[in-house]
Amino acid sequence: MGPLYKYGWFDFSYSLQLAVLIGFCFGLLLERAGFGNPRKLTAIFYLRDFAVLKVMFTAIVVCMLGLLYFSVLGWLDLEKIYLLPTFIWPQIVGGLALGVGFIMGGYCPTTSVVATVSGKLDGLVFLAGMVIGSLIFAELFPLLEGFYNAGAMGAIRLSDFFGIQSGIVAFLVCIMAVGAFWLVERVEKRFGDPETLPEGGSKFKTIGAIVILILGLALAFLNPDGPASPGQESVKGADAKATTLDAPRSQAAPAAEGFKIVHDEGC
Amino acid sequence: MDKSRYSNPYLIGVFLGLVLLFTYYTMGRGVGSSSSFARVGVAAVAAMAPEHAGSNTFMSAFMQKGRPVLMEWLIFLSLGAALGGLFSAFVGRRLKGEIARGPAVGVNGRLWLALAGGILSGFAARLARGCTSGQALTGAPELALGSWVFMFCIFAGAYGAAYFFRKEWL
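The listed protein sequences correspond, in order, to chains A and B.
Position 22 of the first sequence, counting from 1, maps to 765 under the numbering used here, and the rest follow consecutively.
Position 161 of the second sequence, counting from 1, maps to 191 under the numbering used here, and the rest follow consecutively.
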């Protein structure tokens, strides 16, 4: 049962090796998608090429369905996954500012790394700018601290906020993603440059969309938040159940060698 | 500029989703990268002016875990991302020293804008506790409320400002 690290399957030093492997795949995929190129990245904001949105929404949908199905099947304990806390005001302002920084600089943080290693000097300059920007934030932190913690809502999910179970939220996300894909394909046809857009059969796209919607719909009926879904019950033993009862999300993993899991910051 | 075609974005998205899922399954957390740059900055300040770094609330928070500032999971992830990007650019023959810009902007202008955009992004990512990877791509599959709001705000900010930077890209 995952997450493996929080159940003490491996230690910190091994996790760093895993980080390099995960990062390698991450960087490779971003570069392959063309995200080392700021003209490709910013083309979305001029309605020419929506690769950024397609990659992001597909990744989010795949990962979201994976997480919820793993939870339903009892392979993954979602309670033990670090859930990013919500601080609504700094996130709104930070998001808007990051968007402006994106179109101004041409990159977001990870893509600038990929651009730099593929030889873009502007990527390296953007990286240096980010280090400077972070330090400016740190220096101004005493002034900003109040706003930094404004609108604290805790580790809250969309399903908690709207008061509906996460299977239905997931289904709505699937519908939104498929709708967005459909829309941006039309916009691309109108404004995009067919020379630079990658090919993709419409059959492949239709099947993908149907699979996403079916998986989302099934999840809405499965109800991953259910108090005792049968899959989870059979995997956890009787004693495991006892620990979950008095173990809120803050509790550290029952690590054998006594190393403690410290919750990391999100990003 | 370069006419080389990239992979199908949906396919990349599926693989990226699986990599994220693998990260959650093994580590119980998501990916991220912006804090790596904050850490690099903090490590530099800590090396040059340790008292100053120690007295700053935000910087000292990075130094508290009883191990070096740079001995951190996300730093290794960023190193991996650099290696992966290098590998892919090499294989795809896109390894080329250049300054990416639209035809209507000069080299100096582009580099100053990249610096300004980097500074703004670095600042914004710390304010929002994450960037496109650490907040949007990581929080959204978990259905975290703030991450969804943040993601739509990135798009809103960039679309809102796109008109003013059109000469940089088009």
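Incorrect hints may have been included.
Claimed, not checked - Quick list of in silico lysine to aspartate or glutamate cross-link-like pairs, EDC-like style, CA-CA up to 20 Å:
1. B:Lys197 x B:Glu102
2. A:Lys948 x A:Glu928
3. B:Lys197 x A:Asp936
4. B:Lys95 x A:Glu928
5. A:Lys946 x A:Glu931
6. A:Lys946 x A:Asp968
Said to hold, decoys possible - Output of the computed footprint for chain B on chain A, the stretches with three or more beta carbons under 8 Å from beta carbons of chain B:
7. 803-811
8. 873-880
9. 899-911
10. 953-967
Unchecked claim - Facing chain B, according to a computed beta carbon distance under 7 Å, are these residues of chain A, among others:
11. Gly751
12. Leu759
13. Pro781
14. Tyr825
15. Thr853
16. Ser861
17. Lys863
18. Phe869
19. Leu915
20. Met919
21. Val921
22. Gly922
23. Trp925
24. Glu928
25. Arg929
Quick caveat, the hints were computed from the structure, so don't treat them as lab data.
All values derive from a computational prediction rather than experimental measurement.
Beta carbons: idealized from backbone N, C-alpha and C, even for Gly.
Do the alpha carbons of Lys197 (chain B) and Asp936 (chain A) lie within 20 Å of each other, as the hint requires?
18 Å, holds
Are 3 or more residues of the stretch 953-967 of chain A near chain B, judged by a Cβ distance of less than 8 Å?
violated (count 0)
Given hint Thr853 (chain A) near chain B, where the shortest CB pair must fall under 7 Å:
Because about 4 Å separates Thr853 (chain A) from the closest Cβ in chain B, which is inside the 7 Å limit, the hint holds.
Taking 8 Å as the C-beta cutoff, is the stated coverage of the stretch 803-811 of chain A by chain B satisfied by three or more residues?
That given contact holds, which follows from 7 residues of the stretch 803-811 of chain A lying within Cβ reach (below 8 Å) of chain B.
Double-check Phe869 (chain A) for me: the hint is only fine if its C-beta lies closer than 7 Å to a C-beta in chain B.
4 Å, holds
Would the stated hint for Arg929 (chain A) survive a check requiring a Cβ distance to chain B of less than 7 Å?
Violated: closest Cβ of chain B sits about 16 Å from Arg929 (chain A), beyond 7 Å.
Less than 7 Å between beta-carbons is the criterion; does Leu915 (chain A) satisfy it with respect to chain B?
It is violated, given that the least Cβ distance between Leu915 (chain A) and chain B is near 10 Å, above 7 Å.
Using Cβ atoms only, decide whether Pro781 (chain A) comes closer than 7 Å to chain B, and label the hint accordingly.
Pro781 (chain A) check passes; min Cβ-Cβ to chain B is 5 Å, inside 7 Å.
Using the nearest Cβ pair, does Gly751 (chain A) come within less than 7 Å of chain B?
Constraint on Gly751 (chain A) not satisfied, violated at 11 Å.
Are the Cα atoms of Lys95 (chain B) and Glu928 (chain A) separated by 20 Å or less?
47 Å, violated
Status of the Lys863 (chain A) interface restraint (C-beta, 7 Å, chain B):
Status holds, d = 5 Å.
Holds or violated: Lys946 (chain A) to Asp968 (chain A), with C-alpha atoms at most 20 Å apart
Violated. Lys946 (chain A) to Asp968 (chain A) sits at ~34 Å, over the 20 Å cutoff.
Against the hints set out earlier in the document, violations occur for numbers 1, 4, 6, 10, 11, 19, 20, 21, 22, 23, 24 and 25.
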